[in-house]
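Residue numbers (numbering that gives the first Met the number 0), protein chains in the order written: chain X, 0 to 68; chain A, 0 to 609.
Certain hints may be false.
Which stretches of chain X does chain A cover? Using the computed rule of at least three CB atoms under 8 Å from a CB of chain A, they are [what the hints assert, rightly or not]:
#1 18 to 31
#2 46 to 55
#3 60 to 67
Hint data in this document are derived by calculation from the structure and do not stem from the laboratory.
Quick reminder that beta carbons are idealized off the backbone N, C-alpha and C, glycines included.
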Amino acid sequence: MAQGRKGRLNYRCPRCLMREIDMDMLYDKDKDEYYCLRCSFTGSEQEVLRLNAQFREKYRDRMKRITDF
Amino acid sequence: MSDFYVTIIHRPEMVPEYIQKEAEQGKKEDLTRSEVLRESLNIFRTQQQAAHDNGLRTTIQMTYASLFNEEATAIAKDHHEKYGDEIGSTFLGLQCQEFREKFKSKELAIWLFPIDAKRRIVDEVFGKFYEVFGFHPTSTGSYYMDAELVNYIKERYPMVKVAVATCWEEGPKAYWNANNSWYTLMDGGPWNPWIPSKRNIHCPASDKEDDIGIVAIPHLSRDLLAVFDGPGSYYGTHPQNILRGMVYEDRESPYFKNIVDQYRSMAKYNRGYSYNMMFVGPGWMSKKGRWEADYDFLLKSYSDGMAYYGQLKKEGKAIDVTMSEFADIYRRDRPYTRPECTLWKDILYGSNRQQFWYVDPWMRFCLDMNQGGAMIDLRPYAAKLIRPCGVGTKAMQDASYPFLVQSLYRAGFFTHYAGEGAVKSCKLSCEGEEVDLCTCRTTASFSEDGDTRVVTLDPVTIEFSERSIQMQSIFRLAEGTGEVKIVRRIIDTTDPQAEIAIDEYITACYGTTEYPEDLTGVQLSLKGTDKSEAIDYAYQCREAAVERVRLAEVLVPQVDTRLTMRTDTDDAAGYFREGFAFSPMYTIGIKRKVKGKGELRTWLKIEKAS
């Protein structure tokens with residue numbers, strides 16, 4: 000197994016992020032996948048990005064400019 | 000007329016924690032690594048330029064490490080002369096080779112050193128600052144500064160008038176968010192500037208004698224709803240925090256402007272005054288990117304934020320001030336008893352939820368309109384607890400101000416199958432049916448009646464099987480009394496003959512974290528016109544009630560607090576309820592039966608017990 004290293008942009012574990020824990024993942028270049036030391040998540044960059052997009056969905060007003068206070 | 004003040008703070012942090020961590024991947028620690036020093040200084044320059052390009056002045060808080068860097072000190076002097084920036088000092092960024100040699104410690108948090116070391120560090124930092132600049136700073140700060148530290152600074156350096164003194168609601172939530180490795184345990188303070196008490200930095204001073212001598216500023220202006228139930232480092236006037244929270248889409252985030260505008264709107268709750276601060280350390284703008292954002296995105300978010308403040312200034316809607324200038328302005332019109340309040344609305348989740356936040360020298364509390372105006376956070380500031388932190392103290396890393404109610408740490412209305420959670424609310428009952436206002440979502444409006452702030456909730460409909468009633472709640476906060484008057488009024492009913500019981504109650508505990516504390520020693524008592532009852536808490540599920548109650552009281556010696564409820568009617572009953580080990584709470588309440596329409600008025604008071 001290859002030594003785990005910090006990957007591009009220090010992706011956080013998307014599963015830990017779902018429970019608001021910022022946990023940087025390590026990258027295994029042999030398998031071309033990221034993995035989490037805490038929750039056992041493994042996944043490709045594409046999978047991480049997909050889950051990150053899902054994480055953002057809770058912010059229903061993330062693109063809404065609100066000026067009425 | 001309203002004034003929105005903005006302070007922009009930058010610090011040349013020569014060895015920022017994030018950049019240093021990245022640089023040392025696979026290498027041994029080296030605090031003098033030249034690429035780190037160079038990058039950090041470049042980021043500081045970029046931040047300063049972003050402010051100046053938008054016509055904004057800054058407060059440059061020199062770190063101890065930067066005082067040894069000629070380039071950093073030269074930039075500070077130059078920008079002070081050219082742009083009118085203030086040169087202050089910060090206790091962040093202590094770590095550097097010189098500090099290691101002098102103090103033999105890797106500790107990075109000034110508030111966690113033993114008190115004698117805190118004093119030596121203050122003298123060293125201020126002494127070095129004087130050596131470099133020829134004067135002492137009037138502004139300083141850290142993520143947290145306990146009262147003992149600030150008292151020492153004021154004694155030795157009386158010219159200091161302002162400090163970044165806490166991070167709002169950075170407590171257990173920030174700790175979890177950082178994989179239980181970030182020791183900023185400092186919940187329980189005000190969200191906007193305040194004049195702290197000499198006894199505890201979180202508490203606003205009661206009077207001149209209690210005044211610690213500085214104006215305190217919380218680190219960042221944070222989303223009062225999102226941060227109460229989420230990481231502080233996701234939601235505030237820190238553009239890279241917002242990227243960390245991933246509140247964006249396609250590299251755009253209107254959320255920053257929404258936070259700023261909601262803070263601007265606080266003028267209507269606070270006699271025409273509102274405030275914002277932005278304070279981003281260079282470590283957040285690493286060239287390597289951070290939080291899934293590349294450097295260009297980090298820079299864009301910072302530039303966008305600064306541009307918005309600049310735009311507001313150009314439009315005459317914001318006044319940029321340095322920290323020390325702000326302190327003078329703040330003190331000019333700030334009676335000690337004046338509260339800070341805000342009816343905050345959700346700008347993130349699309350829920351229309353509102354929470355009302357209140358701070359004065361007696362208490363801090365939060366009402367949640369999503370739960371019928373239930374009090375979901377209550378901090379007894381009147382106790383002014385002397386609670387130093389750091390090595391050698393009982394509190395150690397736990398710098399939070401204790402709560403009596405924190406509904407997220409201690410369950411609130413919803414518990415799993417057994418027991419009770421900490422919340423203050425009201426129950427309505429009729430012929431064996433009972434409804435808690437926690438289940439009645441509503442919204443509220445704010446008004447003022449002289450020196451009384453009034454929160455009026457929109458009426459809610461409570462449906463019993465045979466009848467329904469319209470119920471309204473009003474909270475009246477008379478300045479300088481330390482009391483909350485709560486009116487529960489039945490304004491309409493489908494059955495004028497039905498007898499309805501209005502039960503105003505508070506279920507509470509004490510603590511600073513989600514874990515229970517020992518309630519042994521707490522005293523519950525009732526004083527009625529004809530009868531009194533009292534017990535010492537012993538987890539025995541005891542209950543008592545007294546007709547024609549005058550006062551229901553809890554004494555919590557662990558936090559030197561007396562909590563009382565009273566009413567102005569002579570036909571109400573008072574009660575208390577002891578908990579048990581699986582439900583470590585106490586409850587006091589006042590109950591009144593009305594026929595048709597009617598109301599119950601109660602007063603909640605927080606006092607220092609001793």
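Do the hints match the structure? See the list:
Residues of the segment 18 to 31 of chain X with a Cβ under 8 Å from some Cβ of chain A number 4, which satisfies the need for three, so the listed coverage holds. Given as covered by chain A, the segment 46 to 55 of chain X passes the check, having 3 residues with a CB less than 8 Å from a CB of that chain where 3 are the minimum. Counting residues of the segment 60 to 67 of chain X whose CB lies closer than 8 Å to any CB of chain A gives 7, which reaches the minimum of 3, so the coverage claim holds.
Hint violations for this structure: none, all hints satisfied.
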